[in-house]
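Undergrad: Residue-level listing of the chains:
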Amino acid sequence: MAQTAVAGTGRKPAPPKMDSHGRSRALARRETVSAYLFLLPSLIFFIGFVVVPMGICFVYSFLDMGINKAATTFVGFANYIEMWNDKTFWQGFWNTVLIVVVSVPAVTAFSLWVGNSIYKMKPIPRSFYRCVFYLPVVTGTVAVTVVWKWMFNPYNGLLNQVTGNIGFDWLGNPHTAIWCIIMILFTTSIGQPIVLYVAALGNVDQSLVEAAEVDGATRRQVFWRIKWPQIMPTTLYILIITTINSFQCFALIQLLTSGGPSGTTSTIMYYIFDMAYKYNRFGYANAMGVILALIIAAFSAVQFKLAKTDNA
Amino acid sequence: MKKLIALLLALIMVFALVACGEATPETSENPPATTDETPTGEEVTITIWTYPIGKFGDDATMVELIGKFEAAHPGIKVEHELIDYTNGDTQVTSAITGGGTPDIIMEGPERLVTNWGKNGVMVDLSDLWTEEITADIAATSEAVVSACQYNGVYYEYPLCMTTHCMAINYEVFEQAGALQYIDEETRTWSTDDFVSAMEAVRDSGLVAVPGIIYCGGQGGDQGTRALVNNLYSGTYTNADHTEYTANSAENVQALQLLVDMVGSGALNANAGFQATEELQQFANGTCAVTFCWNASNKTNYAEQVTFTPFAMAFPTDDGVPELCGGIWGFGIFDNGSDAKIEAAKDFIRFVCDDETQAAESVRLTGFFPVRASLGNVYAGTEQEADAEEFLKLMPFLGDYYNVIGGWSEQRTNWFNMLQNVFITGTDPQTAADEFVEASNANIG
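Here the protein sequences line up with chains V and F, keeping their order.
Each residue of the first sequence is one higher than the one before, counting from 22 in my numbering.
Each residue of the second sequence is one higher than the one before, counting from 150 in my numbering.
Watch out, some of these pointers could steer you wrong.
[Said to hold, decoys possible] In silico EDC-like links for lysine to aspartate or glutamate, alpha-carbon gap of 20 Å or less:
id: 1; chain 1: F; residue 1: Lys-267; chain 2: V; residue 2: Asp-85
id: 2; chain 1: F; residue 1: Lys-226; chain 2: F; residue 2: Asp-495
id: 3; chain 1: V; residue 1: Lys-299; chain 2: F; residue 2: Glu-533
id: 4; chain 1: V; residue 1: Lys-90; chain 2: F; residue 2: Asp-483
id: 5; chain 1: F; residue 1: Lys-217; chain 2: F; residue 2: Glu-230
id: 6; chain 1: F; residue 1: Lys-217; chain 2: F; residue 2: Glu-192
id: 7; chain 1: V; residue 1: Lys-299; chain 2: F; residue 2: Glu-259
id: 8; chain 1: F; residue 1: Lys-204; chain 2: F; residue 2: Asp-535
id: 9; chain 1: F; residue 1: Lys-267; chain 2: F; residue 2: Asp-466
id: 10; chain 1: V; residue 1: Lys-299; chain 2: F; residue 2: Glu-583
Worth flagging that the hints you see were computed from the coordinates, not collected in a lab.
Using the sequences plus the hints, can you model the full thing?
TA: Pasting the structure below:
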């Protein structure tokens, strides 16, 4: 019909404009616009609750600002310079690094081991284990810390009662406090990675596994050559979220040690809180927040680079 | 068609977002007209936040109190929220910076005056301080009058006061033969007697640990401050409250004595404990003394203790203890609404000055009235015996130095200093010098 109508005008019909994928440009534009419109609500939330606060945080980092907003002054890079010379900040930084360096590999390796051990189980025992390991995640942090605090109580806590070590202050000892924090963080961090690994291992292409086994591959070879590459995207995700969670470890420290003893459990995140809410130095706290964000971004970028695969 | 639906969907989401966004300010800066600015007599809604100060930390009690007020002031509705000492300051700071402060808050001058008042977020309450009332409060303590103001502006209207003290497990002391070291009549003891008593308790083996110097956080730090200051009559600040003096020779000597006592097992230092944990160990009978005691704590732990907690002044070398005082009252946040400010003042007048309510309000705290005209509010009540115990310690009320600048900052510095001394073994003089340097830097 269209051809006839055009023929009536004596002109050849103009071919539809195509994009590089061979689609009609008009169609592509329509789909693009639709896609952006569907993304719009999320984008508004993202901008409102992530991008704008990040921008405000960045701007505030150049201010000397307290409760009295009228006394706010612009101080340029003074907050960043102070941070560089602040030994408490550096103590928190190294504590944070220790937590990340110990916690991330431990959580990832343990989760992988547990996930690999339970993913082939029948549904009921598999769900049981998933529940057991996920329980500390869904239990409130306050409840978890109250229980741990009771167990670590030097005089009548479970740990000292069992070991006969009455009076030893696990959370008050500079040599043990940070390790107690790391251990508790470990128990609250493994739930989600285990669930993710169980799901990822369950989705590994069984035909490849069977083919490898037929070809005489050992169990170890099957795991590292067949399964591991296929669960790499999951591993990357777990590495990233565990790193971020470890960097942002705060509630445990606030509730268990308040950064003590003598700053041995203070982290950048806790120091930010301290500066903002105890010292009311919002500008300085924001400057530390900016640096923390950059550090997390750098760690994540390195992880992306190292764990990058074709489908990651 | 698809495009139209997508657009419609997006618009709905945007409108929903905008609608959600508008809901927030109702509780803070832009409340609806029905609950604000009511020259025509419409209802005013005000909010009050209270820390757990005696029964002001009890929901049922507050509901009853608010009910009485609302009956007397039909045009005002009061909403109450309880905050705790662990997170309360953070909540208030968040509210100040993000909007949403309550209209009234109940606490002491170190927060209401020195922190929030000084930073310009509180309302001037000078009109509540009439000459008659000022004289009435001054008759009890001039320190209360001066503590409630900053640069001549009153930011707090006080209700009650007390002295913070310590307590011993009477039965343990009795069985350990340590009662000989205390003056039961005046509830005082000397520094040497304190050392002897704690050693006697240690040697008796009746408790797991004689006493615990808690330094895991700022909670209950008035106890450790008073302990250190009293042992050799040191001071925490100078008389003008313009400088911290915790590194004086007397205080360093006291810190060294405590280090020695920890070394000998007469005391234990615990960086994992704040006052709450130490109190729990005292209530359990794990330790024989607590350094964080007052009438409110006695009430709170009454059901748990199976012994007689005997309130004592802190040990001192000169026989004259100087106990830390506690003053509690009300302040009003400036939320920009005159109607709310006036309603808040009405509430404060009702709680603190009303003929029938004022004495009852003081009794709810478990402390003592700041207004001399109220007399002994516990006379003839069930609380009379308990109150007598703490009333004996009121003459030992020391300087109310909490009004010094940088108060909240120094609290963090203080427990960190104790940790350095008792846990990591820093020399007391060095640690105290660092504390003073860091704290003086925040006086402002």
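Undergrad: Within a Cα-Cα threshold of 20 Å, do F/Lys-226 and F/Asp-495 meet the stated pairing?
TA: Roughly 11 Å separates the two Cα atoms, so the pair holds.
Undergrad: Can you confirm whether the C-alpha distance between F/Lys-267 and V/Asp-85 stays at or below 20 Å?
TA: Holds - the C-alpha atoms of V/Asp-85 and F/Lys-267 are around 17 Å apart, at most 20 Å.
Undergrad: Keeping to a limit of 20 Å between CA atoms, is the pair of V/Lys-90 and F/Asp-483 held or broken?
TA: OK: V/Lys-90 and F/Asp-483 at ~14 Å, within 20 Å.
Undergrad: Would you mind confirming whether the straight-line C-alpha gap from F/Lys-217 to F/Glu-230 stays at or under 20 Å?
TA: The hint holds at about 17 Å.
Undergrad: Holds or violated: V/Lys-299 with F/Glu-583, Cα cutoff 20 Å?
TA: The given pair, whose Cα atoms are some 18 Å apart, holds under the 20 Å limit.
Undergrad: Starting from F/Lys-217, check that the Cα of F/Glu-192 is at most 20 Å away, please.
TA: holds, 16 Å
Undergrad: Between V/Lys-299 and F/Glu-533, is the straight-line Cα distance small enough, at 20 Å or below?
TA: violated, 38 Å
Undergrad: Does F/Lys-204 pair with F/Asp-535 here, judged by a C-alpha cut-off of 20 Å?
TA: holds, 15 Å
Undergrad: Would you check the hint for V/Lys-299 and F/Glu-259, treating anything up to 20 Å between C-alpha atoms as holding?
TA: With a Cα-Cα distance of about 13 Å, the restraint between V/Lys-299 and F/Glu-259 holds, given a limit of 20 Å.
Undergrad: Regarding the pair F/Lys-267 and F/Asp-466, is the alpha-carbon distance no greater than 20 Å?
TA: Not OK: F/Lys-267 and F/Asp-466 at ~36 Å, beyond 20 Å, violated.
Going down the numbered hints, you'll see the structure goes against 3, 9, while the others check out.
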